[in-house]
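Number of protein chains: 2
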Amino acid sequence: MSSPPSARTRVRRYHHIAHYDAATIHAILDAMPMCNVGYVHEGQPVVTPTLQWREGDRIYWHGSSASRMIRAVKSQPVCVTVTIFDGLVLARSAYNYNINHRSVMIFGVAEMVEDPQEKRRQLQRFVDGFIPGQWDRLRPVTEQELKATTLMSLPITEASAKVRTGPPEDEAADYAFPVWAGVVPVRMAIDAPVPDPRNLPGVEMPPEVRAFKIG
Amino acid sequence: MSSPPSARTRVRRYHHIAHYDAATIHAILDAMPMCNVGYVHEGQPVVTPTLQWREGDRIYWHGSSASRMIRAVKSQPVCVTVTIFDGLVLARSAYNYNINHRSVMIFGVAEMVEDPQEKRRQLQRFVDGFIPGQWDRLRPVTEQELKATTLMSLPITEASAKVRTGPPEDEAADYAFPVWAGVVPVRMAIDAPVPDPRNLPGVEMPPEVRAFKIG
Numbered sequence: 001m002s003s004p005p006s007a008r009t010r011v012r013r014y015h016h017i018a019h020y021d022a023a024t025i026h027a028i029l030d031a032m033p034m035c036n037v038g039y040v041h042e043g044q045p046v047v048t049p050t051l052q053w054r055e056g057d058r059i060y061w062h063g064s065s066a067s068r069m070i071r072a073v074k075s076q077p078v079c080v081t082v083t084i085f086d087g088l089v090l091a092r093s094a095y096n097y098n099i100n101h102r103s104v105m106i107f108g109v110a111e112m113v114e115d116p117q118e119k120r121r122q123l124q125r126f127v128d129g130f131i132p133g134q135w136d137r138l139r140p141v142t143e144q145e146l147k148a149t150t151l152m153s154l155p156i157t158e159a160s161a162k163v164r165t166g167p168p169e170d171e172a173a174d175y176a177f178p179v180w181a182g183v184v185p186v187r188m189a190i191d192a193p194v195p196d197p198r199n200l201p202g203v204e205m206p207p208e209v210r211a212f213k214i215g
Numbered sequence: 001m002s003s004p005p006s007a008r009t010r011v012r013r014y015h016h017i018a019h020y021d022a023a024t025i026h027a028i029l030d031a032m033p034m035c036n037v038g039y040v041h042e043g044q045p046v047v048t049p050t051l052q053w054r055e056g057d058r059i060y061w062h063g064s065s066a067s068r069m070i071r072a073v074k075s076q077p078v079c080v081t082v083t084i085f086d087g088l089v090l091a092r093s094a095y096n097y098n099i100n101h102r103s104v105m106i107f108g109v110a111e112m113v114e115d116p117q118e119k120r121r122q123l124q125r126f127v128d129g130f131i132p133g134q135w136d137r138l139r140p141v142t143e144q145e146l147k148a149t150t151l152m153s154l155p156i157t158e159a160s161a162k163v164r165t166g167p168p169e170d171e172a173a174d175y176a177f178p179v180w181a182g183v184v185p186v187r188m189a190i191d192a193p194v195p196d197p198r199n200l201p202g203v204e205m206p207p208e209v210r211a212f213k214i215g
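Heads up: the protein sequence lines correspond to chains Z and G, in order. All residue numbers for the first sequence refer to our numbering, where the first residue is 1 and numbers rise by one. All residue numbers for the second sequence refer to our numbering, where the first residue is 1 and numbers rise by one.
Calculated directly from the structure, the hints in this document are not laboratory data. Just so it is clear, the structure is predicted and the values come from calculations on it, not from any experiment. Heads up, the beta-carbon is just placed ideally off N, CA and C, and yes, glycines get one too. Be a bit skeptical, because a hint or two may be false.
As the list claims (entries may be wrong) - If you only want the chain G side, here are some residues facing chain Z, beta carbon under 7 angstroms, derived:
| no. | residue |
| --- | --- |
| 1 | Pro77 |
| 2 | Arg139 |
| 3 | Asp191 |
| 4 | Asp196 |
So that you can see chain Z by itself, here it is in the shape it has in the complex (with noise of 0.2 angstroms):
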């Protein structure tokens, strides 16, 4: 997609850093599982923090069965936000301030995956996600846990990204004006894992939780 895929999804303000392709949208939302679920809620704007995770044309995220954000949720409208913080753009005019960022947003209408099968596989995508294999090293799913989690799914057909990357835009008179200018880069860094102290003798951490990336 070259052109943006609904009225409200076009990108009226810095137009010029926006994207409607699959791949700029997908990219984006696998950087970054933190996510903004906006609904409504009585009449009220709610936004929900949340992570999601995505297969294919779909992005997915879960919740307890009783939690306001899921029950309100479903079949009823959201937008969904993820933002991805890259650097502060120091121009020369604080007009002209910005930040390096990618984000996503997505307009559509949320459905609940109901198929238990269909539940459980996504359910081990997303802990697979973070860290491969982990799924098949934990202590079983239950059956119960399973029905306290509900699995929620939005299709990314209405979406758009902005990417915005580089030095300061500065008016061009502005570039004769003797201040200094930059960016200052920003990214997610991840430390060394900290065992839980309670971890049983003799557990070893799988290698691949040292692979753990964000952004």
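The hints should help you fit chain G onto chain Z, whose structure is shown.
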């Protein structure tokens, strides 16, 4: 505040990690400028990522006066969230997977700040909040730029925080299950500032730029 200021602000899930005191809420808001503003636009929920800053019991954000978000939130109910991802919590069961995080959710009605002096003062606080003293180094803001910028404000009266730290919390019986459990810490890292190739010869980077921190 040690109790929720309103029913919709009461944290229902994981209520043991909920906080309602100003010190906890302010510290999270001050640590992370990235926020998500949720609002209702033409009957649909919309979430717009933007940057917030705080003074006292209010947060502020700004935008182009022409932007959809700015036009939609004036005197309207909003929900603003700020989330900091601190770590992936690898429990012994998928059900107890978690993330260490600090988050804030604020409900309220967004107010436009119309007084030009207050607008200018807050925009200076925004710029100086990243890099102290930077506002006075920049090419001065023009009246036209101020007019093209809308400043919004939200009182932090109906707010809650969640703070989750430490090792996994597994079911009692699961501690006997022989799988590695622990936390993979995540943080925002700042890399060396990258000067704009178009900087004038001889302009020096203010030392405050190197002190920029986030998260």
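These are the hints, each one checked on the structure:
About 5 angstroms separates the beta-carbon of G/Pro77 from the nearest beta-carbon of chain Z, less than 7 angstroms, and the hint is met. Here the hint on G/Arg139 is kept, as its CB sits about 4 angstroms from the closest CB of chain Z, short of 7 angstroms. Nearest Cβ of chain Z to the Cβ of G/Asp191: about 4 angstroms, under the 7 angstroms cut. The hint holds. Hint status for G/Asp196: holds, given a least beta-carbon distance of 4 angstroms to chain Z, under 7 angstroms.
The structure is consistent with each of the numbered hints, conforming to all of them.
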